[in-house]
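Participant: Take a look at the letters that make up each chain.
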Amino acid sequence: MRLRKVADRAVRGVFLANAILSAVVLLGILAFLLFYGVRTFSGTPLLKFLFGTVWNPDAYGEPSYGLLPLLLGSFASTAIALLIAIPLGIASAVFISERLKGWVRVTVKTLVELFAGFPSVVIGFFGLVVLAPLIARIFNVPSGLNLLNAGLLLGLMSLPTIISVADDALRVVPHSYREAAYALGATPWTTATRIVLPAARSGILAAVMLGFGRAVGETMAVLMVAGNAALMPKSLFDPIRTITSTIAIELGESAFGDTHFYSLFALGFVLFLLALATNLIAESLIKREKRSFTL
Amino acid sequence: MSTTETSVPPARKLRRRRFGDNVGFLLLAVPLALFVLFILYMFFYLFRNGLGVINWQFLTQAPTKGMTEGGIWPCIVGTVLVTFVSLVFSVPVGICAAVYLSEYAPANFLTRAIRSAIRSLAGIPSIVYGLFGVALFVTGLKFGLSVLSSGLTLGLMNLPWIIATAEEAINAIPGSFREGAMALGATKWEAIRHNVLPYAFPGILTGVLLAVARTMGETAPILFTGVTYYTRTIPTSLSQKFMALPYHLFTLATQHDQISTVRPIAFGTALVLLVIVLAFDAVAFVIRLRVAGANKWQV
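Chains Y and L supply the protein sequences, listed in that same order. Under my numbering, think of the first position of the first sequence as 1, with each following residue one higher. Under my numbering, think of the first position of the second sequence as 1, with each following residue one higher.
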């Protein structure tokens with residue numbers, strides 16, 4: 001009898017240890033990014049990293065580690081992605097949540113979820129062989145590997161995230177809201193757009209945040225179609241270089257222990273902060289929506 | 001509109017409103033329909049271009065003549081191997097963490113912190129896991145560029161996915177299952193082991209299969225932790241470098257010096273990778289549908 005109690009305690013301890021281990025991974029990642037990242041600044045000043053407009057670690061004599069062109073590359077491609085994915089994603093989510101039922105709903109949601117699981121190299125490859133020639137022909141530009149292509153692919157890749165989080169947000173709106181609207185004579189359309197959508201606004205905003213996180217963190221697809229010149233982008237048809245693809249391109253060519261190597265961890269730290277902030281905000285928005293429905 | 005108007009609107013007006021409604025929803029359906037068509041088009045495009053390349057030799061032979069001929073067997077083996085290593089780490093740790101969170105965790109600060117950390121992990125970009133893998137496994141623990149380093153890096157990445165789905169599966173088991181066992185004298189662990197985990201198993205399996213699918217397609221975490229352009233031998237130990245399907249596709253598509261010559265092989269690799277990933281997804285979805293049908297737990 002006592003043995004069983006001891007076993008019970010011991011097992012609880014094992015479970016707790018694993019839960020703590022899982023959470024500590026986050027701290028571990030943060031610690032390593034900081035530990036290596038700060039060493040960048042013994043080679044280049046922090047302010048030059050944050051506000052420098054040139055990223056050229058290979059420059060002979062004086063290499064420069066300016067974050068801005070990469071940050072701009074990430075934000076520009078993500079902005080295009082969201083410009084496409086927000087309206088399309090929210091429209092799709094409203095249609096799925098308010099109009100689709102039964103097996104049609106299950107099929108559509110399954111397809112969207114399947115696409116979310118497509119390997120990003122496969123999507124990047126598609127952008128390379130289909131989208132790039134198409135963009136080059138339609139806009140009569142020499143190369144289709146540019147900001148527009150990256151933005152389009154990122155938009156497609158963040159659509160599933162936005163659709164499924166927004167659909168969840170719409171579905172937790174209580175049925176009584178819809179019934180009350182119908183009782184007052186509102187049509188389904190008015191109910192969906194004037195009652196349900198505003199009631200779910202925090203959750204919808206969370207969907208947008210998570211879509212942003214998905215787009216800004218994507219590496220391989222962007223690496224394959226963005227053209228990867230680390231310059232300040234001026235037009236849709238300029239090649240761009242994102243933070244993620246810079247790490248992917250340069251980690252292999254930098255030597256362990258020099259400023260270049262450490263600067264890539266500093267870039268990783270920037271990504272880490274962006275992702276963490278995005279997630280925490282999204283999480284609190286989802287909580288806020290759920291709380292707003294409890295009396 | 002006057003405030004005294006209480007009569008029902010005339011039929012014509014009602015019809016117009018219903019028509020407006022249908023037009024509105026139809027406009028909403030357009031982007032969704034386009035997206036679904038795009039997904040199907042992309043799949044069939046890859047299918048049409050890749051299918052011609054795939055045959056028994058392509059699947060079972062190593063690449064030859066600077067990748068311009070031969071098959072992708074070492075890449076398939078490498079991808080399966082690292083994914084397996086990742087699961088050896090993440091499945092036990094993930095399930096234990098999920099059991100703690102759903103069965104034991106008290107509502108306090110520590111629990112909230114753990115949950116929040118795990119959820120945040122799921123949103124960390126995969127390239128950041130790659131950096132962490134380089135810092136911790138490759139150089140820190142001196143595992144070098146190896147199957148082990150890559151597998152563990154992937155394991156850290158898919159850990160939060162496994163925890164999330166396992167916790168959901170365990171939470172779906174009604175409290176009465178545990179109470180029944182404990183009322184008969186079982187300890188909490190005994191109740192969990194005999195009355196909760198067996199019923200949560202299909203749900204947990206679904207999560208693991210989805211994690212397998214996504215892990216197999218990941219490139220960024222293995223990029224600097226052990227994957228290589230070409231090895232002559234299939235890895236026989238955890239300390240060797242390996243080839244992998246997604247990286248092979250990446251190099252064939254963008255890095256190879258005869259890109260147009262190897263394009264058919266790239267299409268074949270893309271299709272094989274996609275089909276393997278979709279196969280795991282499909283099995284997971286079938287199990288999930290059956291669980292949803294069976295687990296009504298109605299008394």
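Treat the hints as calculated values from the structure; they're not laboratory data. Any given hint could turn out to be false.
Stated by the list, open to error - Not close to chain L: a few residues of chain Y, all C-beta gaps over 12 Å, as computed: (1) L67; (2) L68; (3) A136; (4) F139; (5) K234; (6) A248.
Stated by the list, open to error - What follows is a set of in silico ranges between Cβ atoms, one per label pair, in the way DEER data are often shown: (7) Y/P142 <-> L/F109: 21 to 27 Å; (8) Y/P87 <-> L/W56: 45 to 51 Å; (9) L/G52 <-> Y/P133: 17 to 23 Å; (10) L/F109 <-> Y/G185: 45 to 51 Å; (11) Y/A10 <-> L/A183: 20 to 26 Å.
Everything numeric in this text was worked out from a predicted model, so none of it was measured. From the three backbone atoms N, C-alpha and C, an ideal C-beta is built for every residue, glycine too.
Participant: With reference to the structure, classify each hint as holding or not holding.
Facilitator: Status of each hint after checking the structure:
Remark: the non-interface label on Y/L67 is consistent with the geometry, its nearest Cβ contact in chain L lying 16 Å away (cut-off 12 Å). Every C-beta of chain L lies more than 12 Å from that of Y/L68, the closest at about 19 Å, which supports listing it as non-interface. For Y/A136, the requirement that its beta carbon stay farther than 12 Å from each beta carbon of chain L is met, with the minimum near 16 Å. No beta-carbon of chain L is positioned within 12 Å of the beta-carbon of Y/F139; the least distance is around 20 Å.
The beta carbon of Y/K234 sits about 24 Å from the closest Cβ of chain L, which is more than 12 Å, so the claim that it is off the interface holds. A Cβ of chain L approaches the Cβ of Y/A248 within 12 Å, the least distance being about 6 Å, so the stated non-interface status is violated. At roughly 57 Å, the beta carbons of Y/P142 and L/F109 sit outside the given window of 21 to 27 Å. For the hinted restraint 45 to 51 Å between Y/P87 and L/W56, the CB-CB distance of approximately 47 Å keeps it satisfied.
Between L/G52 and Y/P133 the C-beta distance comes to about 20 Å, which sits within the given range of 17 to 23 Å. For the pair L/F109 and Y/G185, the beta carbons lie near 49 Å from each other, so the given range of 45 to 51 Å is met. In this structure the hint that Y/A10 and L/A183 lie 20 to 26 Å apart at CB holds, the actual value being about 23 Å.
Going through the hint list in order, the structure does not satisfy hints 6 and 7.
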